[in-house]
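In order, the protein sequence lines correspond to chains H, E and U.
The first sequence runs 0 to 246 under numbering that gives the first Met the number 0.
The second sequence runs 0 to 246 under numbering that gives the first Met the number 0.
The third sequence runs 0 to 246 under numbering that gives the first Met the number 0.
No wet-lab data here; the hints were simulated from the structure.
There could be a bad hint or two in this list.
Here are the computed lysine-lysine pairs in the DSSO-like style, where the Cα-Cα straight-line distance is at most 30 Å [unchecked claim]:
(1) K81(U) / K74(H)
(2) K8(U) / K190(E)
(3) K194(E) / K202(H)
(4) K159(H) / K81(E)
(5) K81(U) / K102(H)
(6) K94(U) / K100(H)
(7) K8(U) / K208(E)
(8) K208(U) / K11(U)
(9) K170(H) / K61(E)
(10) K74(H) / K125(H)
(11) K100(H) / K81(H)
(12) K102(E) / K202(H)
(13) K117(H) / K100(H)
(14) K208(U) / K81(U)
(15) K102(H) / K131(U)
(16) K208(U) / K81(H)
(17) K159(H) / K125(E)
(18) K117(U) / K176(U)
(19) K176(H) / K117(E)
(20) K117(E) / K27(E)
(21) K190(E) / K202(H)
(22) K176(U) / K202(U)
(23) K8(U) / K201(E)
(24) K224(E) / K194(E)
(25) K27(H) / K228(H)
(26) K224(U) / K11(H)
(27) K194(H) / K81(E)
(28) K224(U) / K100(H)
(29) K159(U) / K117(U)
(30) K27(E) / K170(H)
(31) K224(U) / K202(E)
(32) K170(E) / K117(E)
Using C-beta positions, here's what the derived DEER-type ranges look like [as the list claims (entries may be wrong)]:
(33) N42(H) / K117(E): 40 to 46 Å
(34) S188(U) / A5(H): 46 to 52 Å
(35) E142(U) / N31(H): 33 to 39 Å
(36) K131(U) / K100(H): 18 to 24 Å
(37) D179(H) / K100(E): 48 to 54 Å
(38) I121(H) / R78(E): 34 to 40 Å
Glycine included, C-beta positions come from ideal geometry on N, C-alpha and C.
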Amino acid sequence: MRLTLAEPKYLKDSVSIISELVNEATFKITPNAIELVAMDPANVAMVMFKLLSSCFTEYDVKDNVELAINLNNLKQILRRAKPDDMLSLELEENKLVLQFKSKTTRTFSLPIIELDEKEQKIPDLKFNAVIKAPASLLNEAVEDVDIVAESLTLEAESGKLNVVAEGDLSKAKIEIKASDEITINVAGSAKVRSKYSVEYLKKMVDGSKLADEVHIHFSDDYPLKLEYKSVDKVLLAFILAPRVEND
Amino acid sequence: MRLTLAEPKYLKDSVSIISELVNEATFKITPNAIELVAMDPANVAMVMFKLLSSCFTEYDVKDNVELAINLNNLKQILRRAKPDDMLSLELEENKLVLQFKSKTTRTFSLPIIELDEKEQKIPDLKFNAVIKAPASLLNEAVEDVDIVAESLTLEAESGKLNVVAEGDLSKAKIEIKASDEITINVAGSAKVRSKYSVEYLKKMVDGSKLADEVHIHFSDDYPLKLEYKSVDKVLLAFILAPRVEND
Amino acid sequence: MRLTLAEPKYLKDSVSIISELVNEATFKITPNAIELVAMDPANVAMVMFKLLSSCFTEYDVKDNVELAINLNNLKQILRRAKPDDMLSLELEENKLVLQFKSKTTRTFSLPIIELDEKEQKIPDLKFNAVIKAPASLLNEAVEDVDIVAESLTLEAESGKLNVVAEGDLSKAKIEIKASDEITINVAGSAKVRSKYSVEYLKKMVDGSKLADEVHIHFSDDYPLKLEYKSVDKVLLAFILAPRVEND
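Next up, chain H with everything else stripped away, as it sits in the complex (with noise of 0.2 Å):
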């Protein structure tokens, strides 16, 4: 196996989130794709990640390939990667090694570790609002509503998305109207109401270092997703437990 990426922005800035969310994770790299899917420790968020083949200027992949690996010391080596350097990977007996090309070559090599996992099932999802916004728009709101509570409920009614939050003091709520960049489909006629954890979304909404857009799905009472995608290169999703009213 050899990868090699003229960009390594899209790896790097991938790692970094998903590190935030999820420790030691198992990439799988298949001929077309290094893929992750992964659970966060405390089993409330899932995390799916594809980097396409077509990112790679070079991309040798013969056999599916699983590589587990401590996120953490991927991200601190990721982030070594300047704008200029071309990012090779390979795999060298028990180690990953990645190397960085410009004026000098720099190689660093970490291990792959054991991981004990059952492979993830990416669960199958229904929902009943959709919405397509400007990621920074997700962002904003995820930060007004972090100063008043630790949740915030999404309600979307067609056309409409509110994200509302109640603390014990103060309260916080914003409201977005479809318009020629935002989206908001919901079936039916029913107001679709769901709470979810503040701090959870504030890691995931930094996909918006990847794509300008956000796709946000959820059901009343019903788990939320996140995609940020950038078209044959990257798609970095979530998926997020809904608290229940009484949390």
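Given the structure of chain H, go ahead and fit chains E and U onto it with the hints provided.
For chains E and U alone, kept in the frame of chain H given last:
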């Protein structure tokens, strides 16, 4: 009551500065202005704030309203204002409601609190030294002396102002002369001297965010008054008790 | 003695770097230069500093003066220098007096201390590997290896320099080749290898603030010498003891 600000900056910056000195305070909203007069918990400093109605695009106040608020909570909400937000303030039952409008509408409400304080009277002070200077000059002087001591002495005579500090080891002296930008008037021919806390001054000189000039008033071993104003818009002033010479 | 600097930067940056290694030290002021030679408290590193008289707009020194100073206090004062300040240094009784002049005149004085140290002799060292490289290259290499280990090994042979580090888990290797910008000379045909503390190196490579190039000298299991110089202005050099292989 309904007030709308096209530039939330003056309210935002003022509340941020005041909250460094005072935790909770009562705003008085009159047909002409939003006002606040408060003492810091140690009774060493007084802050006076006035945001004129001419600063607002909508200013609908029939009767005087008194509004006690936790300034830290208010500061956190005002921080969320973006430059292109229209900010409106309203009362709703026991809540102050702040609405930020740009592409989205974001509404925050925070509780009006009970504040058991007698009304603060602004003391009637007469000053022998009156100085007008670029605000940044005082900020620099306070930062300069901060590295050698916890208190500084202001010494003025006609046309000259010295800021002096003496620590256990090191000393600092900033000499400022009257110029096109700097006016230094001293009543009589004597030298005027007084000593003040650097810690308090560091908080007060942040008034430079609101105005390019500072007006400095003091007398021998007497309170100091600092004034930052932007004509027809905002006034932020501070009175600081002197330190007696054997502090 | 009276010295005036139009650009306080060289003194300011040097003192800031030296103070990371040494708390108190003796400056020797001769008719030609301000000099300092000091060991760090752990006796692992030596720092040598020379600020030439040609750097000053006024340099009035008749006899040699020795001046022991707390470098941290001096650093804090020098930090207050603004780019357009003229900085003059004078001795007054038992004080070093620093005056910053621009629109205002700001005077700081700090005590000359008693320092009971024997004069530091710069050891007479002979190096087999002599390298000249852009200073930033060494900064990057030290930051690279910092994420995997606490010590690094320099390995040079003619035309090639490797910076290698091996932690409990991960490894890093930076390969540098001679080029237009990089000269790598090694005496004889053998490979030269030696190991040094990353923590100390991180402090030393800040010399890159003073010069665009670094001169690196070492031999097998032998001290390292780093030199940063700006012709006719300033020299900042460091000697660092090697780590023995079984550290």
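Hint-by-hint comparison with the structure:
At roughly 38 Å between alpha-carbon atoms, K81(U) and K74(H) are farther apart than 30 Å, so this suggested pair is violated. Only pairs whose Cα atoms come within 30 Å are accepted, and K8(U) paired with K190(E) is rejected, the gap being roughly 37 Å. Between the alpha carbons of K194(E) and K202(H) the distance comes to roughly 49 Å, so the proposed pair goes past 30 Å and is violated. Proximity of K159(H) to K81(E) is assessed by CA-CA distance (about 22 Å); at most 30 Å being required, the pair is judged to hold.
Taken as a hint, the K81(U) and K102(H) pair is broken in the structure, with Cα atoms around 36 Å apart against an allowance of 30 Å. Straight-line distance between C-alpha atoms of K94(U) and K100(H) comes to about 53 Å, which puts the hinted pair past the 30 Å bound. Distance hint between K8(U) and K208(E) is fulfilled; the C-alpha atoms sit about 28 Å from each other, no more than 30 Å. For the hint pairing K208(U) with K11(U), the CA-to-CA distance comes to about 11 Å; that is within 30 Å, so the pair holds.
This hinted pair checks out: K170(H) and K61(E) have alpha carbons roughly 27 Å apart, not beyond 30 Å. About 33 Å separates the Cα atoms of K74(H) and K125(H), which puts this hinted pair outside 30 Å; it is violated. Among the hinted pairs, K100(H) with K81(H) is consistent with the structure: their alpha-carbon atoms are about 10 Å apart, no more than 30 Å. For a cut-off of 30 Å, the pair hint linking K102(E) to K202(H) stands: about 24 Å separates their Cα positions.
Distance check on the hinted pair: K117(H) and K100(H) sit about 36 Å apart at the alpha-carbon level, beyond 30 Å; violated. Of the pairs offered as hints, the one joining K208(U) and K81(U) holds, with about 17 Å between alpha carbons and a cut-off of 30 Å not exceeded. Restraint check: the Cα-Cα separation between K102(H) and K131(U) comes to about 15 Å, which is no more than 30 Å; the hinted pair holds. Taken as a hint, the K208(U) and K81(H) pair is honoured in the structure, with Cα atoms around 20 Å apart against an allowance of 30 Å.
A C-alpha spacing of about 60 Å is found between K159(H) and K125(E), which places the hinted pair above 30 Å, so the restraint is violated. Of the supplied pair hints, the one linking K117(U) and K176(U) is violated, its CA atoms being roughly 42 Å apart against a limit of 30 Å. Note on K176(H) and K117(E): the hinted pairing is violated, with a Cα-Cα distance of about 46 Å set against a maximum of 30 Å. Taking the CA atoms of K117(E) and K27(E), the gap is about 13 Å. The hint holds against a cut of 30 Å.
Proposed proximity of K190(E) and K202(H) is contradicted: the alpha carbons are some 60 Å apart, above 30 Å. With a CA separation close to 25 Å, the supplied pair K176(U) and K202(U) stays within the 30 Å bound. Pair hint K8(U) plus K201(E) holds up; C-alpha atoms about 26 Å apart against a cutoff of 30 Å. Distance check on the hinted pair: K224(E) and K194(E) sit about 13 Å apart at the alpha-carbon level, within 30 Å; holds.
Taking the CA atoms of K27(H) and K228(H), the gap is near 19 Å; set against the 30 Å cutoff, the hint holds. With a C-alpha separation of about 35 Å, the suggested pair K224(U) and K11(H) falls outside the 30 Å cut-off, and the hint is violated. A hinted pair counts as satisfied when its Cα atoms are at most 30 Å apart, and K194(H) with K81(E) qualifies at roughly 26 Å. For the suggested pair K224(U) and K100(H), the alpha carbons sit about 28 Å apart, so the restraint of at most 30 Å is met.
For the hint linking K159(U) to K117(U), the alpha-carbon distance of about 40 Å lies beyond 30 Å, and the restraint is violated. Taking the CA atoms of K27(E) and K170(H), the gap is about 23 Å. The hint holds against a cut of 30 Å. Of the supplied pair hints, the one linking K224(U) and K202(E) is violated, its CA atoms being roughly 46 Å apart against a limit of 30 Å. The straight-line distance between the Cα atoms of K170(E) and K117(E) is roughly 42 Å, outside the 30 Å bound, and the hint therefore fails.
The given range of 40 to 46 Å is broken by N42(H) and K117(E), whose C-beta atoms sit roughly 55 Å from each other. Taken as a hint, the range 46 to 52 Å is violated for the pair S188(U) and A5(H), whose Cβ atoms sit roughly 38 Å apart. Restraint check, E142(U) to N31(H): a C-beta distance of roughly 35 Å satisfies the suggested window 33 to 39 Å. At about 23 Å, the beta-carbon gap between K131(U) and K100(H) stays in the expected band of 18 to 24 Å.
In this structure, D179(H) and K100(E) break the distance hint of 48 to 54 Å, their C-beta atoms being roughly 18 Å apart. Range check, I121(H) to R78(E): Cβ separation about 38 Å, and the 34 to 40 Å hint holds.
Consistency note: the structure conflicts with the earlier hints numbered 1, 2, 3, 5, 6, 10, 13, 17, 18, 19, 21, 26, 29, 31, 32, 33, 34 and 37.
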